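S.K.: Listed here are the chains, written in short residue letters.
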Amino acid sequence: MSAALEIDGLTVSFPSGKGIVQAVRSLNLTVAAGSVFGFLGPNGAGKTTTIHVLLGFQSPTSGSARVFGRTVSDTMARDRIGFLAENPDTYGFLTGRELLGFTGRLFRMEKGLISRRAGELFASLGLSSAADRRIASYSRGMKQRLCMAQSLINDPDLLILDEPTGGLDPIGRREVRRIITERRSAGKTVFFSSHELSEVELVSDRIGVLVAGRLVAEGTVDEVVGPAGNLERRFVQLVEEESGKGGAA
Amino acid sequence: MSRIWALACLAWIEMARRKDIYVLFLLVAALLAGIVSFDVFGLGGMSGYVKDSGLLAAWILGWILAVGTAVRQLTQEELRGTVFVLLSKPVSRLEVVLGKWLGSWLMVAAAVGCFYLVVSLAVVLKGGQLDWVCLAQAYFLHTLAMGLVVAIGIAFSTRLGGDAAATLTYAVTGAAFLILPRVPALLVEQQGVSGVVLQVLYYFLPHFELFDLRLRLIHGWGAAPWGVCGGVALYGAIWILVVLCLAWAGYRHRRFSRGNLL
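As given, the protein sequences belong to chains L and P, one line each in that order. Residue 1 is where the first sequence starts when you use the working numbering, and the numbers rise one by one after that. Residue 1001 is where the second sequence starts when you use the working numbering, and the numbers rise one by one after that.
These are computed hints drawn from the structure, not numbers from a lab. Please read these numbers as outputs of a predicted model, since none were measured by experiment. For every residue, glycine included, the Cβ atom is placed at its ideal position computed from N, Cα and C. Watch out, some of these pointers could steer you wrong.
Unchecked claim - Pairwise CB distance ranges (calculated):
1) L:S59 - P:V1193: 38 to 44 Å
2) P:A1029 - L:E120: 45 to 51 Å
3) P:G1048 - L:D74: 38 to 44 Å
4) L:D74 - P:W1221: 51 to 57 Å
5) P:Y1203 - L:E120: 54 to 60 Å
6) L:D74 - P:W1226: 57 to 63 Å
7) L:D74 - P:L1241: 22 to 28 Å
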């Protein structure tokens, strides 16, 4: 199976008040096309920084990352990506339909295709009745669903979700899980970061655990859990081990 | 180009749906209604007075609108956190800068057009006459000057917060407009370092006074020679291009604060 995502020796460091912070350290990761990859880690582990590099927001200090063979600094690499940010906000002065129209135009989609795709997404996400209302009047959950629709307008081959279930109620979480599994059924790749272990366990084909910028485990859920018995116990174990190393160092 | 246009439309819609632009229109309309209605010291009978006050108001309000519109384009994207969603699309940072500039400029050009329309109407109502060719030239050069103000505002906002960028843009463009035309006269009196500083300012700041055809309109001197008009347009276009290149240089490696996203 071909790779949707290839990360080779990625290191990201940036200056902070206390000196240089190494947010990601020599990260090597390959995500196969058509799979769901859960990117786990405690707060501040470097998950969002890695995603920012994949989307070209941030340049790596060293190493490289490629999406479907294209280096991430190439603007066109993002042509096949959909992205949902954590706690997303959007243009409140637009209507939902205008937002999807605007996003579709950034992908150079035909007007008819944008309209058809927007209609499908509004129906699928239960936003049809609010499509022509200003986004400023949407509830938080509706905004989250609209931003999900925005990330899917181009029917992306790779969907990147940054903490997609953070702050959502159980119905919202189920909705996100449904979308992830639908994408997999359609042969698309999903790469999502989370620290919600149960969510990750439910939908991921493979998972990676990032602690203090270092990938400390990677494989299927069973492979990563191993003799620890459950993911939560194993996760805590990995975090403590890595923190111990940091403390010893 | 389609992405630049999409970004321009977004900037346009945002401005059109905000209320402050309508406040400026009301201000111009109220000002001119006052000028047309009152006859202070018999000045109200002079259409030149209407032209003078109206065109000055169009310049000042156009300037305020241009700076206000320009500096919020990139800074608001960052404050809202929408910059991350925007840049996750196949859009280059150059396209973002150009799209934001184009949208703001077109908005300001349309607003300035409305101001000119109101002024022209007031002049005609006062029984005055306007040289329509000169008016078209004045509008064209005025919008070019506003394009440059917008570009400067966007360039500052690539590295500064909204308020700081606005202050700096007002200071630079205001100084360029008010001080530069007086520099040759000042140089006669200024020697040494201050003279050198004035010369540097004179040659390295844009000359907005070149875009200002108000005196021609007010005193009925007729249209400017087309060659001169074209030369000034070229000067403006080059300045806009240079400033937009600087804006892109400032924006292309900009790191955004995660705090806005998280």
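S.K.: Now look at each hint and say whether the structure bears it out.
M.R.: Tested hints:
The beta-carbon spacing between S59 (chain L) and V1193 (chain P), approximately 41 Å, falls within the hinted interval of 38 to 44 Å. At roughly 46 Å, the beta carbons of A1029 (chain P) and E120 (chain L) sit within the given window of 45 to 51 Å. Taken as a hint, the range 38 to 44 Å is violated for the pair G1048 (chain P) and D74 (chain L), whose Cβ atoms sit roughly 59 Å apart. Remark: the range hint 51 to 57 Å for D74 (chain L) to W1221 (chain P) is upheld by a beta-carbon distance near 55 Å.
At about 59 Å, the beta-carbon gap between Y1203 (chain P) and E120 (chain L) stays in the expected band of 54 to 60 Å. Between D74 (chain L) and W1226 (chain P) the C-beta distance comes to about 45 Å, which lies outside the given range of 57 to 63 Å. Checked against the hint of 22 to 28 Å, the C-beta distance between D74 (chain L) and L1241 (chain P) comes to roughly 25 Å, which is consistent with it.
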